[in-house]
Amino acid sequence: MRARRLLALVLSLTLPGCGFAWRALKRNLAAPPERTVAHQIVDPKRPEARLAALWIGHATVLIQLDDRFVLTDPVFAHSLAQASPRLVEPGLAPERIPALAAVVVSHMHFDHLSFGSLDRIEQRTPVVLVPPGVRANMPRYSFEIRELERWASWEHEGLRITAVPVQHVGGRYALDAAFETRAFTGYVLEYHGLSVYFGGDTGYLPSAFKATRARFPTLSLALLPICPDAPRDFMQYTHVSPNQALDAFALLGAQHMIPIHFDTYINSDDALGACPSELRARMQARGLSDDQISILAIGEQRVLIAK
Amino acid sequence: MQAAPRPRVMSPVAAVGVWAAAQLIPSPLLVIGKEHVGGGLRWQLTPILYSFGIAERPLRTFLVSPIARHSGSLELHVSPEWACCAPDEQSGWLVRAGLRLYLPLLEHGEKLSWSVGGSYYRAAGGDEKNGASADLGIFTFNGVFGLNVTVSPWLTRRELIAAFTFRLF
Numbered sequence: 001m002r003a004r005r006l007l008a009l010v011l012s013l014t015l016p017g018c019g020f021a022w023r024a025l026k027r028n029l030a031a032p033p034e035r036t037v038a039h040q041i042v043d044p045k046r047p048e049a050r051l052a053a054l055w056i057g058h059a060t061v062l063i064q065l066d067d068r069f070v071l072t073d074p075v076f077a078h079s080l081a082q083a084s085p086r087l088v089e090p091g092l093a094p095e096r097i098p099a100l101a102a103v104v105v106s107h108m109h110f111d112h113l114s115f116g117s118l119d120r121i122e123q124r125t126p127v128v129l130v131p132p133g134v135r136a137n138m139p140r141y142s143f144e145i146r147e148l149e150r151w152a153s154w155e156h157e158g159l160r161i162t163a164v165p166v167q168h169v170g171g172r173y174a175l176d177a178a179f180e181t182r183a184f185t186g187y188v189l190e191y192h193g194l195s196v197y198f199g200g201d202t203g204y205l206p207s208a209f210k211a212t213r214a215r216f217p218t219l220s221l222a223l224l225p226i227c228p229d230a231p232r233d234f235m236q237y238t239h240v241s242p243n244q245a246l247d248a249f250a251l252l253g254a255q256h257m258i259p260i261h262f263d264t265y266i267n268s269d270d271a272l273g274a275c276p277s278e279l280r281a282r283m284q285a286r287g288l289s290d291d292q293i294s295i296l297a298i299g300e301q302r303v304l305i306a307k
Numbered sequence: 308m309q310a311a312p313r314p315r316v317m318s319p320v321a322a323v324g325v326w327a328a329a330q331l332i333p334s335p336l337l338v339i340g341k342e343h344v345g346g347g348l349r350w351q352l353t354p355i356l357y358s359f360g361i362a363e364r365p366l367r368t369f370l371v372s373p374i375a376r377h378s379g380s381l382e383l384h385v386s387p388e389w390a391c392c393a394p395d396e397q398s399g400w401l402v403r404a405g406l407r408l409y410l411p412l413l414e415h416g417e418k419l420s421w422s423v424g425g426s427y428y429r430a431a432g433g434d435e436k437n438g439a440s441a442d443l444g445i446f447t448f449n450g451v452f453g454l455n456v457t458v459s460p461w462l463t464r465r466e467l468i469a470a471f472t473f474r475l476f
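Protein chains in written order, with the numbering used here: chain V, 1 to 307; chain B, 308 to 476.
Honestly, the hints are just simulated from the structure, not real lab data.
Everything numeric in this text was worked out from a predicted model, so none of it was measured.
Take these hints with a grain of salt, some might be off.
[To be verified] Chain B is nowhere near these chain V residues, computed Cβ spacing over 10 Å in every case:
hint	residue
1	Q40
2	D119
3	D269
4	A306
[To be verified] Which residues of chain B face chain V? A partial, calculated answer using Cβ under 8 Å:
hint	residue
5	R313
6	R315
7	G345
8	R364
9	L366
10	S372
11	L412
12	K418
13	T472
14	L475
Heads up, the beta-carbon is just placed ideally off N, CA and C, and yes, glycines get one too.
Required output: the full structure, derived from the provided sequences and hints.
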């Protein structure tokens, strides 16, 4: 820790004004130790729920649709690419994750696709759904890795998962974004009349949200990213702001929204807590209630539709 | 509210250009010979690599993603090399061609991997122009940084070479 702080001090003295990347690097080097989650849920199965969501952190959410469980963008890593330390431990230990019907991965960036994290749940899922181009950039696992083109669906025992359009960039190692131009997606999960939208990472693209609503007019829940927000001129292409997330929620016409993708890793200029605070302010201005939009703490589970 | 502008992504041609430029960045060498310690530079190209750790498309040429290499692979590499301060009768330049096996240690090799290989070299000038080498390496940070140690028992004044590798794809 002392060495990291010293390096942060050296960088702050020697690299002033070198842009967002350096600022993020310096903030990561000075990051506090990983905070633990008090009163972690031991058994996430909720027999009384038709639809429940447990925010494990960042874009990782355990979704219960009646008796089926789906996990989004599983990342349990203590650091991203050995550079960005985790700020809060995962809200649910991987060994406590129940048997999954499927895992969905939105794209290849390190904060959404973690090979070490997939190792830890390898025996719990039969399939991992990914956008086009990702399979050739993943190691071998015992589960099936299935690529889904936009609007294509995977279906198994009544659970249907469809890839839906979002605006982002593909690739994993920066340079490969030039080649992996289709390697990002959102998803809609459908089961027993319930439907959940998972936005992964997305810029504000009204046409995509409207097209999704046209095909899925009765979304029960939208999981939408609200961060990173700043610097806005850099983030605007690929990340919605908290206010734009509310616009996306309105365009999707979902019943409930749970914001994700904030305060787990440092990947922006946003202060900790800034994105949910901005979201709360915008919710108040629009007259949106906590019933409609549930801002969860990491490790918190919410039953959205009871039996 | 207006739609966000489309993300600015490098064109594939420009990306290949960046990759090609990155290949020009040499790995610095610490050259340790009998009664001699010097420096040098090494470059590497990978004409073909077979990855047995990747889920799809195991054969790659030149532009190889880190996960394809470090999740477990066998590569054919060509490595021009220059060592400083060779004896008067020898040039500092040589070229190697060899096979190298990469095996993952942590997180499918993205966090840590190692390699073992053998190569055949041809040095410019001198009597001992050709010979064989063996090498051992360790890599981290998605294979960007590594240390590779090459042993060439019959290469005068360059019997042991430590290369501090930097590789972008």
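Hints, one by one, checked against the model:
1. With a minimum CB-CB distance of about 24 Å to chain B, Q40(V) clears the 10 Å threshold, and the non-interface call stands.
2. Residue placement check: D119(V) does not keep its beta carbon more than 10 Å from all beta carbons of chain B (closest about 8 Å).
3. No Cβ of chain B comes within 10 Å of the Cβ of D269(V); the nearest lies about 18 Å off, and the non-interface call holds.
4. Taking the minimum C-beta to C-beta distance to chain B, about 34 Å, the non-interface status of A306(V) holds against the 10 Å cut.
5. Because the smallest distance between the Cβ of R313(B) and any Cβ of chain V comes to about 7 Å, under 8 Å, the interface hint for this residue holds.
6. The criterion of a C-beta within 8 Å of any C-beta in chain V is met by R315(B), whose closest approach is roughly 7 Å, and the hint holds.
7. Contact between G345(B) and chain V, as hinted, is not supported at the beta carbon level, the nearest pair being about 31 Å apart and thus beyond 8 Å.
8. The restraint placing R364(B) at the interface with chain V holds, with a minimum CB-CB distance near 4 Å, inside the 8 Å limit.
9. Given hint, L366(B) at the interface with chain V, is violated; its Cβ is 11 Å from that chain's nearest Cβ, farther than 8 Å.
10. Checking S372(B) against chain V by beta carbon gives a least distance of about 6 Å; that is within 8 Å, so the hint holds.
11. Because the beta carbon of L412(B) sits about 12 Å from the nearest beta carbon in chain V, more than 8 Å, this interface hint is broken.
12. A distance limit of 8 Å between C-beta atoms decides the matter here; for K418(B) the minimum to chain V is near 6 Å, and the interface restraint holds.
13. Hint status for T472(B) relative to chain V: violated, with the closest Cβ pair at about 16 Å, above 8 Å.
14. Interface hint status for L475(B): upheld, as the beta-carbon distance to the closest one in chain V is roughly 7 Å, under 8 Å.
Checked against the numbered hints given earlier, this structure breaks hints 2, 7, 9, 11 and 13; the rest are met.
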